[in-house]
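Using the sequences and the hints, build the whole thing.
Residue strings, one per chain:
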Amino acid sequence: MNRNGTLISRVILLALCVFIAQALAQSDIKQAGVCSRCHVVSVLEWQISAHVEAGTNCQACHGPSAAHVANERNEVSPDRLPRGKAADGLCSSCHTQGCPSTKQTSDCTTCHNQHSLTKPQQIQSFEGDRSNHPIHQEVARLAKFREMIERAEALAAEKDWAAAKGVFEEALQLRPGDANALQRIAFCERRLSPEMPGFEIVGEEYDDVTGLPFEVKVAGTDIVMRLAPGGDFDIGTEDFKESQPVHTVTIQPFYLGKFEVTQAEWEAVTDANPSEHKDDSRLPVERVSWPDAKDFLSKLNQRVASHGFRLPTEAEWEYAARAGGGLFKGFELARYAWYRENSGSSSPDVDFRKIDTFSTHPVGEKESNRWGFHDMHGNVWEWTSSLLKPYFYDSSDGRELPDAGGHRVMRGGGYADMADLLHPAIRHGERPTRQYRWNGLRIARDVPAANDQ
Amino acid sequence: MAAAPVLPAAAIEPVKEFRRGGMVYRQLGNSELYLSLLSFGSHTDPAYKVAAKHGRVLNPEGQERRDRQLARSFDLGVNMVDTYENNGQWEPVARVVKPRRDKVLVSVCRQFPMFVGENIDRAAKLYGHVDLYRIYLAAGKSVRPKDLEDWDVLRKAKKAGKLRTIGISTHSEAVMMSALEEFEDLDYVMFPYNFIHARTDYTDFIPAARKRGVGLIAIKPLSAGSIVNLDPLALPGTKPENHNMRLYRDNHRPLPPAVVSELTKSLKRMPDETLCQAALRFVYTRPFMAAAMPGMFDDYMVEDNYQALQRSLTLDSDEQSTLKAARKLADAMGPGWLPPHYRWLDREFRA
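Chains as they are written, first to last, in our numbering: chain U, 1 to 453; chain X, 1001 to 1351.
Fair warning: there could be bad hints in the mix.
[What the hints assert, rightly or not] Capping the alpha-carbon separation at 30 Å, the derived lysine-lysine pairs in BS3-like fashion look like this:
{"#": "1", "chain 1": "U", "residue 1": "Lys354", "chain 2": "X", "residue 2": "Lys1211"}
{"#": "2", "chain 1": "X", "residue 1": "Lys1324", "chain 2": "U", "residue 2": "Lys354"}
{"#": "3", "chain 1": "U", "residue 1": "Lys294", "chain 2": "U", "residue 2": "Lys278"}
{"#": "4", "chain 1": "X", "residue 1": "Lys1016", "chain 2": "X", "residue 2": "Lys1268"}
{"#": "5", "chain 1": "X", "residue 1": "Lys1016", "chain 2": "X", "residue 2": "Lys1158"}
{"#": "6", "chain 1": "U", "residue 1": "Lys241", "chain 2": "X", "residue 2": "Lys1146"}
{"#": "7", "chain 1": "X", "residue 1": "Lys1158", "chain 2": "U", "residue 2": "Lys354"}
{"#": "8", "chain 1": "X", "residue 1": "Lys1098", "chain 2": "X", "residue 2": "Lys1146"}
{"#": "9", "chain 1": "U", "residue 1": "Lys389", "chain 2": "U", "residue 2": "Lys294"}
{"#": "10", "chain 1": "X", "residue 1": "Lys1265", "chain 2": "U", "residue 2": "Lys241"}
{"#": "11", "chain 1": "U", "residue 1": "Lys85", "chain 2": "U", "residue 2": "Lys103"}
{"#": "12", "chain 1": "U", "residue 1": "Lys354", "chain 2": "X", "residue 2": "Lys1141"}
{"#": "13", "chain 1": "X", "residue 1": "Lys1053", "chain 2": "X", "residue 2": "Lys1098"}
{"#": "14", "chain 1": "X", "residue 1": "Lys1146", "chain 2": "U", "residue 2": "Lys389"}
{"#": "15", "chain 1": "X", "residue 1": "Lys1158", "chain 2": "X", "residue 2": "Lys1125"}
{"#": "16", "chain 1": "U", "residue 1": "Lys354", "chain 2": "X", "residue 2": "Lys1053"}
{"#": "17", "chain 1": "U", "residue 1": "Lys241", "chain 2": "X", "residue 2": "Lys1098"}
{"#": "18", "chain 1": "U", "residue 1": "Lys354", "chain 2": "X", "residue 2": "Lys1146"}
{"#": "19", "chain 1": "U", "residue 1": "Lys241", "chain 2": "X", "residue 2": "Lys1016"}
{"#": "20", "chain 1": "U", "residue 1": "Lys241", "chain 2": "X", "residue 2": "Lys1049"}
{"#": "21", "chain 1": "X", "residue 1": "Lys1049", "chain 2": "U", "residue 2": "Lys354"}
{"#": "22", "chain 1": "U", "residue 1": "Lys294", "chain 2": "X", "residue 2": "Lys1158"}
{"#": "23", "chain 1": "X", "residue 1": "Lys1211", "chain 2": "U", "residue 2": "Lys241"}
{"#": "24", "chain 1": "U", "residue 1": "Lys241", "chain 2": "X", "residue 2": "Lys1158"}
{"#": "25", "chain 1": "U", "residue 1": "Lys389", "chain 2": "X", "residue 2": "Lys1211"}
{"#": "26", "chain 1": "X", "residue 1": "Lys1049", "chain 2": "U", "residue 2": "Lys278"}
{"#": "27", "chain 1": "U", "residue 1": "Lys217", "chain 2": "U", "residue 2": "Lys159"}
{"#": "28", "chain 1": "X", "residue 1": "Lys1049", "chain 2": "X", "residue 2": "Lys1141"}
{"#": "29", "chain 1": "U", "residue 1": "Lys294", "chain 2": "X", "residue 2": "Lys1146"}
{"#": "30", "chain 1": "X", "residue 1": "Lys1016", "chain 2": "X", "residue 2": "Lys1211"}
{"#": "31", "chain 1": "U", "residue 1": "Lys389", "chain 2": "X", "residue 2": "Lys1158"}
{"#": "32", "chain 1": "X", "residue 1": "Lys1146", "chain 2": "X", "residue 2": "Lys1053"}
{"#": "33", "chain 1": "X", "residue 1": "Lys1211", "chain 2": "X", "residue 2": "Lys1098"}
{"#": "34", "chain 1": "X", "residue 1": "Lys1328", "chain 2": "X", "residue 2": "Lys1265"}
Because the hints were derived from the structure by calculation, they are not lab data.
What follows is the structure, encoded as structure tokens:
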């Protein structure tokens, strides 16, 4: 009987672990980021722990460990590998009252695995009424929480945003600080009040996660922008030296121009058109320097009731260009991009094709990427707000300072470039004053809060 | 220009070099490339040229001679060949270097009026990749906006792995200085440099280029073959590019006997060396120069230029006095010792 009981409790625990792991895997694996590529077991253990709910991630205990991440040969240890008293110290930094179960303040790892926090044999030896063990209480609370979330999601599916929000808020009482519940509450609030200052909503498509409209128009202009949902992605590539190493970057949701800024849009704001090719007002504006782009945005911000229009950071640009996936295959490129192979007129002077043979094309003639952005590759190079600095990308290290000197990063490739340069990760540092015939831009904006003015 | 002390070699950081067999190899600026100090220029023999669609190209006999001279140069350790499509040399060079592509560096110059990106693509397809790609910049006070756009294309092509190093060639020092300022990622400059046209020894260009890690390659190290015009002991069969310019045959201008006599005496003190060899050794011995790139279109030129490397890379006193006497003769002759289409050398670069 005792043996059967042990077996049953282990099976239940295992099933519990699997259930929790599956439920949380999608979001948590992203939180674990690059660690999960190698430390599969540790991350899986961590995923079934309460640490996930508390927002305690790998870096909280092991430090940023950037050098460890960058060193593929595993010659560099993480910044911290807490053992024994060091581990106890880490535990007590949050658990100031000691162990929730035993009130013990030291030797935590005698009972708890450092990642999963549990050891079946230790739970099995718990004396007294097993249903009173904290883990069973937690399981019951979780079950109720999930039931409420399901109910709220059903209401949301029926577009009863107010009711759904209420149930999400009730669920939040059971798990205060639950990131998913908080996000869904924000989602319901967005759907209840979708308007955003400075934007006019286009269409009926809304993001399932944030509740934000996918497509908007800048008020009083013809500039259309689309939502780039937030998330983590791997920036960079091993193919180009300046784009190494590949590392994970977190992007907040933002809006990005559906198209490159056209000559008509530029002219409407600045009353000028610096472009080389002027056959069609839907052609992307070019011969634009970085200060020109800043000036354009400044005027746009003055014109639109709410401010906040800016250039995308290079990380945002690459995130939107990848659109949740990888790279176009070579044979598909012509469907999405204008580049040297297809941007030229068929000149009879085939032996000596001149630069004038090639030109920009009206925006939006090629297919969009998965997130609805057109011409992310080819047509014109696009200025970003970022200074050219080595990776790792860190927006707080001064590379996004608008007044700092240095080369600014351009992205995307242009109509006169070879296919190899239309890679989403390729970075081209350019002097801000350069006004080449392939230098254009695309605008970006943070998701405005409803009360922005 | 008034005589001024020659740029002290010790003042300029020498480029890294090593010797293998009879050849010296020097690093090109801060790049990964090591060029043979004697490299093969792009000019082809005008005596064997015929008109073609995009310029004058070698006839079959001339091409056969050039292929032979290229092959011999590679055997001697020359590892860089410059090609110029207007001379119809892209395909022939590709054919010759193909069996030893991993050992030979191919240098290409962009062609007008073709878009530079298109030109790079074609070169990359033909050679697999291009080791040195340059644009020629017209004379002026500075680089032009159009040049900046072309340079942007070069930088991107290098990023994409089509080009290993990117540079310029020009016949104007003002443009060279401007390029140092305006062109990011500049790997090398090809510019006229020889013992007469060494004005850059007295200006800021060479120190500025070295400070930025820009490699220096001497073109016209024999004044487009015209140095031989100054040589009173030139052997029968030696060929300047322009046969009409033989000073000792034609009556362009009376030669000052004292100056000729001084040069003749100096040359006789070094019986194993011609004036052209001494001139080439002047360039070889400059420690900041990665390579000298004379045009070679006769078998003896390849051998002579190689032999000039087979001794210490220091000019001895006889060589120095010979070059000094030759400078005097060139001064006495005015621009007349150069063919008309090369007299810009005196205007732009004479020291």
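Okay, the hints, checked on the actual structure:
1. U:Lys354 / X:Lys1211: The hint is violated at about 36 Å.
2. X:Lys1324 / U:Lys354: violated, 47 Å
3. U:Lys294 / U:Lys278: The given pair, whose Cα atoms are some 22 Å apart, holds under the 30 Å limit.
4. X:Lys1016 / X:Lys1268: violated, 34 Å
5. X:Lys1016 / X:Lys1158: holds, 23 Å
6. U:Lys241 / X:Lys1146: holds, 28 Å
7. X:Lys1158 / U:Lys354: holds, 20 Å
8. X:Lys1098 / X:Lys1146: violated, 34 Å
9. U:Lys389 / U:Lys294: Holds. Lys389 (chain U) to Lys294 (chain U) sits at ~20 Å (cutoff 30 Å).
10. X:Lys1265 / U:Lys241: Answer violated: Lys1265 (chain X) to Lys241 (chain U) is near 58 Å, above 30 Å.
11. U:Lys85 / U:Lys103: holds, 16 Å
12. U:Lys354 / X:Lys1141: Holds - the C-alpha atoms of Lys1141 (chain X) and Lys354 (chain U) are around 25 Å apart, at most 30 Å.
13. X:Lys1053 / X:Lys1098: holds, 25 Å
14. X:Lys1146 / U:Lys389: holds, 27 Å
15. X:Lys1158 / X:Lys1125: holds, 14 Å
16. U:Lys354 / X:Lys1053: With Cα atoms ~17 Å apart, Lys354 (chain U) and Lys1053 (chain X) stay inside 30 Å; holds.
17. U:Lys241 / X:Lys1098: holds, 28 Å
18. U:Lys354 / X:Lys1146: Holds, at roughly 13 Å.
19. U:Lys241 / X:Lys1016: holds, 25 Å
20. U:Lys241 / X:Lys1049: Since the Cα atoms of Lys241 (chain U) and Lys1049 (chain X) sit roughly 44 Å apart, the hinted pair is violated (cutoff 30 Å).
21. X:Lys1049 / U:Lys354: Given that 30 Å is the threshold and the Cα spacing comes to 27 Å, the pair holds.
22. U:Lys294 / X:Lys1158: holds, 29 Å
23. X:Lys1211 / U:Lys241: holds, 24 Å
24. U:Lys241 / X:Lys1158: Distance ~11 Å between Lys241 (chain U) and Lys1158 (chain X) Cα, so the pair holds.
25. U:Lys389 / X:Lys1211: Cα-Cα ~22 Å, so holds.
26. X:Lys1049 / U:Lys278: violated, 44 Å
27. U:Lys217 / U:Lys159: Roughly 24 Å separates the two Cα atoms, so the pair holds.
28. X:Lys1049 / X:Lys1141: The hint is violated at about 34 Å.
29. U:Lys294 / X:Lys1146: holds, 24 Å
30. X:Lys1016 / X:Lys1211: holds, 14 Å
31. U:Lys389 / X:Lys1158: Status holds; Cα separation ~19 Å.
32. X:Lys1146 / X:Lys1053: With a Cα-Cα distance of about 26 Å, the restraint between Lys1146 (chain X) and Lys1053 (chain X) holds, given a limit of 30 Å.
33. X:Lys1211 / X:Lys1098: violated, 36 Å
34. X:Lys1328 / X:Lys1265: Roughly 14 Å between the alpha carbons, so the hint for Lys1328 (chain X) and Lys1265 (chain X) holds.
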